[in-house]
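Residue numbers (the numbering used here), protein chains in the order written: chain H, 1 to 404; chain L, 1 to 270.
Hints were generated in silico from the structure; no laboratory data involved.
Wrong hints could be hidden among the right ones.
What the hints assert, rightly or not - Here are a few chain L residues that sit away from chain H, every Cβ distance over 12 Å (derived from the structure):
1) K92
2) F165
3) L249
4) S263
Stated by the list, open to error - In silico lysine-lysine, PhoX-like type, Cα no more than 20 Å apart, as pairs:
5) H:K70 to L:K162
6) L:K75 to L:K186
7) H:K137 to L:K225
8) L:K210 to L:K186
9) L:K186 to L:K199
10) L:K75 to H:K366
11) L:K246 to H:K137
12) L:K34 to L:K47
13) L:K92 to L:K186
14) L:K244 to L:K225
15) L:K244 to L:K47
16) L:K128 to L:K139
17) L:K81 to H:K366
18) L:K186 to L:K47
19) L:K210 to H:K70
All C-beta atoms in this analysis are idealised placements derived from N, C-alpha and C, irrespective of residue type, glycine included.
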Amino acid sequence: MKTKPFHKKLFEKIIEGILALSGSITSLAVLLIVIFLFKEGLGLFNRSPISEGFVLAVNKDNPISKIDAKLVKQIFDQEITNWETVGGKKDSIILFHLDDINSIYTEAQIGENLENLPNCISNVVDSIGGIVAFVPKSYIKSDFKGKVIEPVNITPKEFLLGKEWYPTAEPSAQMGVLPILLGTLWVSLGAILLSLPLGLAVAIYMAEIANARVRNTFKPIIELLAGIPSVIYGFFGLVVIVPFIQSIFNLPVGETALAGSIILAIMALPTIITIAEDSLRTTPRSMKEASLALGASRWQTIYRIVIPYSISGITAAAILGIGRAIGETMAVLMVTGNAAVIPSSFLEPVRTIPATIAAELGESPKDGLHYQALFILGSILFIMTLIINLTVEYISSRNKLGKR
Amino acid sequence: MKRVIISVIALAFAINGQAQRIKGSDTMLPLSQKEAESYMKTNSTFKVTVTGGGSGVGIAALIDNTTDLAQSSRKIKMDEKIKLQESGVTYKEVIAAYDALAVVVNPNNGVSQLTREQLEGIFIGKIKNWKEVGGDDAKIIVYSRETSSGTYEFFKEHVMNKKNFANDVLSMPATGAIIQSVSQTKGAIGYVGLAYLDKSVKAIKVSYDKGKNYVEPSMVNAKNKTYPVVRPLYYYYSTKVENKVKPYLDFVLSAEGQKIVESVGYVPLK
Numbered sequence: 001m002k003t004k005p006f007h008k009k010l011f012e013k014i015i016e017g018i019l020a021l022s023g024s025i026t027s028l029a030v031l032l033i034v035i036f037l038f039k040e041g042l043g044l045f046n047r048s049p050i051s052e053g054f055v056l057a058v059n060k061d062n063p064i065s066k067i068d069a070k071l072v073k074q075i076f077d078q079e080i081t082n083w084e085t086v087g088g089k090k091d092s093i094i095l096f097h098l099d100d101i102n103s104i105y106t107e108a109q110i111g112e113n114l115e116n117l118p119n120c121i122s123n124v125v126d127s128i129g130g131i132v133a134f135v136p137k138s139y140i141k142s143d144f145k146g147k148v149i150e151p152v153n154i155t156p157k158e159f160l161l162g163k164e165w166y167p168t169a170e171p172s173a174q175m176g177v178l179p180i181l182l183g184t185l186w187v188s189l190g191a192i193l194l195s196l197p198l199g200l201a202v203a204i205y206m207a208e209i210a211n212a213r214v215r216n217t218f219k220p221i222i223e224l225l226a227g228i229p230s231v232i233y234g235f236f237g238l239v240v241i242v243p244f245i246q247s248i249f250n251l252p253v254g255e256t257a258l259a260g261s262i263i264l265a266i267m268a269l270p271t272i273i274t275i276a277e278d279s280l281r282t283t284p285r286s287m288k289e290a291s292l293a294l295g296a297s298r299w300q301t302i303y304r305i306v307i308p309y310s311i312s313g314i315t316a317a318a319i320l321g322i323g324r325a326i327g328e329t330m331a332v333l334m335v336t337g338n339a340a341v342i343p344s345s346f347l348e349p350v351r352t353i354p355a356t357i358a359a360e361l362g363e364s365p366k367d368g369l370h371y372q373a374l375f376i377l378g379s380i381l382f383i384m385t386l387i388i389n390l391t392v393e394y395i396s397s398r399n400k401l402g403k404r
Numbered sequence: 001m002k003r004v005i006i007s008v009i010a011l012a013f014a015i016n017g018q019a020q021r022i023k024g025s026d027t028m029l030p031l032s033q034k035e036a037e038s039y040m041k042t043n044s045t046f047k048v049t050v051t052g053g054g055s056g057v058g059i060a061a062l063i064d065n066t067t068d069l070a071q072s073s074r075k076i077k078m079d080e081k082i083k084l085q086e087s088g089v090t091y092k093e094v095i096a097a098y099d100a101l102a103v104v105v106n107p108n109n110g111v112s113q114l115t116r117e118q119l120e121g122i123f124i125g126k127i128k129n130w131k132e133v134g135g136d137d138a139k140i141i142v143y144s145r146e147t148s149s150g151t152y153e154f155f156k157e158h159v160m161n162k163k164n165f166a167n168d169v170l171s172m173p174a175t176g177a178i179i180q181s182v183s184q185t186k187g188a189i190g191y192v193g194l195a196y197l198d199k200s201v202k203a204i205k206v207s208y209d210k211g212k213n214y215v216e217p218s219m220v221n222a223k224n225k226t227y228p229v230v231r232p233l234y235y236y237y238s239t240k241v242e243n244k245v246k247p248y249l250d251f252v253l254s255a256e257g258q259k260i261v262e263s264v265g266y267v268p269l270k
């Protein structure tokens with residue numbers, strides 16, 4: 001037996017090592033990203049929704065000591081104006097922001113370096129019965145004559161089922177992601193309803209009906225569709241599809257879930273067509289010929305033999321199409337209007353998770369409430385696509401067993 | 001030959017050592033870029049790199065010490081101040097220019113003036129139809145910027161009396177998108193920086209004294225302080241790098257720098 005020279009073996013070993021290393025580095029990077037995502041996000045829960053460094057203070061005679069974040073917003077939006085509504089005494093609510101101190105005390109009284117400010121705040125809170133003051137924590141000293149009220153901390157349930165998304169509201173942020181979650185699913189559902197029939201039709205045409213010349217022209221064009229940057233789709237959508245939808249349905253506003261779905265459908269088409277066509281083509285020639293020999297027409301062969309045979313591939317195509325749609329950011333951001341309301345029809349603006357993250361992360365203070373909430377949204381999106389990928393794995397593995 | 005290469009590398013490092021990094025608000029990006037260009041022309045050894053990302057990104061970079069100057073279209077927040085304090089950074093604030101916000105509607109809209117109270121009603125969702133403010137019987141479509149943008153915060157504070165926007169307002173990722181949407185939607189209203197005003201939208205005259213005087217948003221009115229919806233644009237820096245950033249800031253505040261402010265579409269300090 002001839003053995004390879006030593007240096008050649010060594011060379012092969014090194015190459016093997018490099019390949020194994022790059023594989024493990026990639027897996028490690030993926031794991032690190034996921035861990036980072038969850039680590040950054042999970043700090044959100046059991047944190048106070050009040051802006052960091054601030055507290056809410058009331059008069060010491062006020063019986064309220066704990067308050068819901070939702071009520072805080074309504075109070076500061078002046079929708080609730082009496083303490084009775086939130087379970088207190090019958091007294092009208094007086095709002096107090098730090099800037100209001102200048103209308104009560106002169107600058108000389110507050111002091112040049114704000115040294116008397118804690119005292120002034122303490123006196124104001126003490127003297128007005130119905131007051132709720134939104135002031136920095138550092139100005140609340142041990143001799144503070146009012147009472148600091150604690151807001152209810154953010155819970156996972158409130159986060160997932162809350163209906164209001166005001167991540168930067170002061171004094172208390174509202175972190176309800178339900179409208180955004182449903183918006184994402186809603187737009188993706190619309191996209192798949194539009195793109196699946198069309199994509200399947202094209203795939204069948206290309207795999208079974210079209211001759212080689214037509215297929216060779218179509219295939220590159222469809223693949224080109226996947227190469228267009230998403231922001232170009234977004235721009236196209238904003239300038240062409242949005243006004244079109246607006247005039248066709250006679251809507252007051254054209255930025256709707258439908259516009260997002262149409263754009264996403266176009267973007268998901270290449271994925272669906274390519275994968276579905278590949279799987280249609282795997283139908284053995286012998287099966288098709290047997291069907292034709294039995295007297296079945298071409299169409300009967302397609303929908304009785306070819307489609308059932310490759311159904312798992314078609315399902316995988318549809319699911320991967322959804323995966324593409326759920327994670328898409330830029331195009332959706334530009335055409336759906338981004339209003340965080342729970343969608344009830346396709347002709348309303350919606351807001352999606354990727355759009356929310358893309359639009360808001362840049363301006364949110366690092367490690368703040370808002371920042372963490374966006375990371376949780378990212379984690380939720382990750383879990384959604386993970387489920388989609390696992391489903392694809394499951395379906396294609398079942399397919400292999402079936403063929404055996 | 002070797003010596004030449006080494007000296008070139010050394011020179012590159014020397015220049016790099018002089019380089020200042022500016023990071024933050026996208027609103028201020030065009031301003032800082034123009035300022036930096038002209039500033040670098042005054043002396044070839046000066047080097048400034050400007051990046052955007054948002055006001056929050058800029059201040060976060062200041063906390064992490066990955067930028068020399070943070071540009072911000074909003075005032076620094078309390079929790080950011082606390083973070084700066086925790087990481088031992090003492091900062092200084094410089095107002096570089098002012099930006100006026102204009103409220104815009106579709107050119108076909110009959111309404112041409114609104115009071116602050118009416119604007120507040122529209123943006124918090126109490127006023128839903130144009131006929132309530134003297135226009136046609138049509139639904140009001142409110143366009144806003146994203147919750148985290150400095151423009152959003154400023155509008156909320158100065159026009160809406162710190163109340164929150166209605167939850168069905170459409171939030172757009174950029175000022176250009178607001179202009180585009182308002183120009184193609186009949187019942188639309190939105191707000192944009194003065195620099196972005198163009199003929200495809202109509203600017204609304206605003207009254208801050210309950211309807212006595214309505215002021216048109218324009219450079220002249222913003223400069224003579226009769227137009228009320230004006231916000232400062234800030235630079236923040238750590239006192240540790242004061243010597244490094246001072247020449248640039250002096251340039252921005254100089255007559256020449258302020259001329260650039262006006263040419264980019266913002267309001268000069270004086």
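Hints versus structure:
1. K92: Check passes; 17 Å lies beyond 12 Å.
2. F165: violated (8 Å)
3. L249: holds (23 Å)
4. S263: Holds, because the least Cβ-Cβ distance between S263 of chain L and chain H comes to about 26 Å, which exceeds 12 Å.
5. H:K70 to L:K162: Within the cut-off at roughly 16 Å; holds.
6. L:K75 to L:K186: violated (34 Å)
7. H:K137 to L:K225: Violated. K137 of chain H to K225 of chain L sits at ~35 Å, over the 20 Å cutoff.
8. L:K210 to L:K186: violated (26 Å)
9. L:K186 to L:K199: holds (15 Å)
10. L:K75 to H:K366: holds (16 Å)
11. L:K246 to H:K137: violated (33 Å)
12. L:K34 to L:K47: holds (13 Å)
13. L:K92 to L:K186: Outside the cut-off at roughly 45 Å; violated.
14. L:K244 to L:K225: Violated. K244 of chain L to K225 of chain L sits at ~33 Å, over the 20 Å cutoff.
15. L:K244 to L:K47: Given pair K244 of chain L, K47 of chain L holds - Cα atoms ~11 Å apart, limit 20 Å.
16. L:K128 to L:K139: holds (6 Å)
17. L:K81 to H:K366: Holds: K81 of chain L and K366 of chain H sit about 12 Å apart, inside 20 Å.
18. L:K186 to L:K47: violated (47 Å)
19. L:K210 to H:K70: Not satisfied, since the Cα-Cα distance of roughly 31 Å exceeds 20 Å.
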